[in-house]
Amino acid sequence: MNDTPDVIELSCPLCESKVHHEIISDYRIVGKESDHCPRVLGENPLPTAICLCRSCGFAGYQPDFAIDDPTQLSEINELLENAPSVPKTSLAAGSGRFRRAAEIAEVRQKSHVEQAELWLQASWCARFEMRDQDEQRTLRSHALRHFKAALDADELNEEDQQAAVYMISELYRRLGNDEAAERWAAKLAEFAQMDPALEALRSGNLRPSQRRSAV
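Residues 102 to 316, numbered by the numbering used here, are exactly what the sequence shown covers, in order.
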């Protein structure tokens with residue numbers, strides 16, 4: 102396995118600065134946490150997934166640097182100038198990059214599930230970086246809100262609905278709301294066929310008394 106990062110060169114759609122970004126593309130996933138956070142062998146590639154313009158603070162996946170819609174660019178520029186919730190000094194970290202990318206995704210009116218995934222991955226990065234619990238809770242709360250909105254907006258097929266319901270339950274559990282976590286976990290039984298991988302994760306999160314009642 103090659104740990105040497107690939108270097109990609111981009112042009113920032115906002116300020117036209119040249120962006121030299123290193124991304125780890127050769128890695129092996131050896132497992133995952135109950136919130137789907139991957140465990141990888143070697144250097145973690147996740148923080149390198151989001152490209153960052155250090156000149157203006159624009160952040161996103163590589164395809165996001167191809168934005169050419171004038172209205173969207175104007176709105177993103179306003180976001181970065183007037184309401185930068187992520188200080189530029191924090192953007193070097195994966196959690197800051199994903200958070201900024203999520204804020205930009207909201208301005209661009211991307212789907213709720215896309216926004217949820219960005220916030221979720223920001224929370225994973227915050228865990229890797231050992232950020233304080235309040236920050237991790239904030240990121241999880243944003244992910245939770247958008248996963249629920251994705252269901253309400255009927256954005257997902259049945260398989261993805263099941264994954265979203267599981268993730269909502271898991272995020273509630275990690276936020277300390279066991280009652281809501283159990284209520285959403287119970288909704289998984291409403292699906293005609295349960296994904297075995299999700300069932301295994303769900304069973305692993307149940308307390309012994311709950312496991313008996315779920316059998």
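Calculated from the structure, these hints are not laboratory results.
Every value quoted in this text rests on a predicted model; they were computed, and no experiment measured them.
Any given hint could turn out to be false.
What the hints assert, rightly or not - Label-pair distances were calculated between CB atoms; the ranges are: (1) A250 <-> D127: 33 to 43 Å; (2) Q294 <-> S156: 42 to 52 Å; (3) E117 <-> N258: 32 to 42 Å; (4) G143 <-> N178: 36 to 46 Å.
What the hints assert, rightly or not - Subject to a maximum C-alpha distance of 25 Å in a straight line, what follows is the list of computed SDA-like cross-link-like pairs (lysine to any residue): (5) K249 <-> N278; (6) K211 <-> P106; (7) K211 <-> H122; (8) K119 <-> P106; (9) K249 <-> K119; (10) K249 <-> L276; (11) K249 <-> Q263; (12) K249 <-> A193; (13) K133 <-> L276; (14) K211 <-> N278; (15) K249 <-> E207; (16) K119 <-> G143; (17) K211 <-> A150; (18) K133 <-> A254; (19) K133 <-> C157; (20) K119 <-> T149; (21) K119 <-> K133; (22) K119 <-> N178; (23) K288 <-> L276; (24) K133 <-> T239; (25) K119 <-> D165; (26) K119 <-> R209; (27) K288 <-> E215; (28) K288 <-> R238; (29) K249 <-> E236; (30) K249 <-> Q262; (31) K211 <-> C157; (32) K119 <-> C138; (33) K211 <-> D169; (34) K119 <-> E182; (35) K133 <-> S242; (36) K249 <-> E259; (37) K133 <-> N145.
Just so it is clear, CB atoms sit at the ideal spot from N, CA and C, and this is done for glycine as well.
Here is what the structure says about each hint:
In this structure the supplied range 33 to 43 Å holds for A250 paired with D127, their Cβ-Cβ distance being about 35 Å. Between Q294 and S156, the C-beta spacing of about 50 Å keeps the proposed range 42 to 52 Å intact. The supplied range of 32 to 42 Å is met by E117 and N258, whose beta-carbon atoms lie about 39 Å from each other. Evaluation of the 36 to 46 Å hint for G143 and N178 yields a pass: the beta carbon distance comes to about 38 Å.
Proposed proximity of K249 and N278 is supported: the alpha carbons are some 15 Å apart, at most 25 Å. Our distance criterion of 25 Å between C-alpha atoms is broken by K211 and P106, whose separation comes to about 29 Å. With a CA separation close to 24 Å, the supplied pair K211 and H122 stays within the 25 Å bound. Taking the CA atoms of K119 and P106, the gap is near 18 Å; set against the 25 Å cutoff, the hint holds.
Pair hint K249 plus K119 does not hold up; C-alpha atoms about 37 Å apart against a cutoff of 25 Å. Distance hint between K249 and L276 is fulfilled; the C-alpha atoms sit about 15 Å from each other, no more than 25 Å. As the CA atoms of K249 and Q263 are separated by approximately 12 Å, the hinted pair is consistent with the 25 Å bound. Between K249 and A193, the direct Cα distance comes to roughly 30 Å. Violation of the 25 Å bound is thereby established for this hinted pair.
Distance hint between K133 and L276 is fulfilled; the C-alpha atoms sit about 19 Å from each other, no more than 25 Å. With a CA separation close to 28 Å, the supplied pair K211 and N278 exceeds the 25 Å bound. Straight-line distance between C-alpha atoms of K249 and E207 comes to about 15 Å, which keeps the hinted pair within the 25 Å bound. Annotation: proposed proximity of K119 to G143 is violated, straight-line Cα distance about 29 Å (limit 25 Å).
For the hint linking K211 to A150, the alpha-carbon distance of about 18 Å falls within 25 Å, and the restraint holds. The straight-line distance between the Cα atoms of K133 and A254 is roughly 28 Å, outside the 25 Å bound, and the hint therefore fails. Restraint check for K133 and C157: the C-alpha separation of about 34 Å exceeds 25 Å, so the hint is violated. The hinted pair formed by K119 and T149 meets the criterion: a straight-line CA distance of about 17 Å does not exceed 25 Å.
Taking the CA atoms of K119 and K133, the gap is near 35 Å; set against the 25 Å cutoff, the hint is violated. As the CA atoms of K119 and N178 are separated by approximately 17 Å, the hinted pair is consistent with the 25 Å bound. Pair hint K288 plus L276 holds up; C-alpha atoms about 19 Å apart against a cutoff of 25 Å. Proposed proximity of K133 and T239 is supported: the alpha carbons are some 22 Å apart, at most 25 Å.
Distance hint between K119 and D165 is fulfilled; the C-alpha atoms sit about 15 Å from each other, no more than 25 Å. A C-alpha spacing of about 22 Å is found between K119 and R209, which places the hinted pair at or below 25 Å, so the restraint holds. Of the pairs offered as hints, the one joining K288 and E215 holds, with about 22 Å between alpha carbons and a cut-off of 25 Å not exceeded. The hinted pair formed by K288 and R238 meets the criterion: a straight-line CA distance of about 23 Å does not exceed 25 Å.
At most 25 Å may separate the alpha-carbon atoms for a hinted pair to count; K249 and E236 meet this at roughly 20 Å. For the given pair, K249 sits about 10 Å from Q262 by alpha-carbon distance, which is consistent with the 25 Å threshold. Restraint check for K211 and C157: satisfied, since their Cα atoms lie roughly 21 Å apart, inside the 25 Å limit. A threshold of 25 Å between alpha carbons decides the hint, and for K119 with C138 the separation of about 31 Å lies outside it, so the pair is violated.
Between K211 and D169 the alpha-carbon distance is near 15 Å, which keeps this suggested pair within the 25 Å criterion. At most 25 Å may separate the alpha-carbon atoms for a hinted pair to count; K119 and E182 meet this at roughly 20 Å. Using a Cα cut-off of 25 Å, the hinted pair K133 and S242 holds, with the two alpha carbons roughly 20 Å apart. Restraint check: the Cα-Cα separation between K249 and E259 comes to about 14 Å, which is no more than 25 Å; the hinted pair holds.
A threshold of 25 Å between alpha carbons decides the hint, and for K133 with N145 the separation of about 13 Å falls inside it, so the pair holds.
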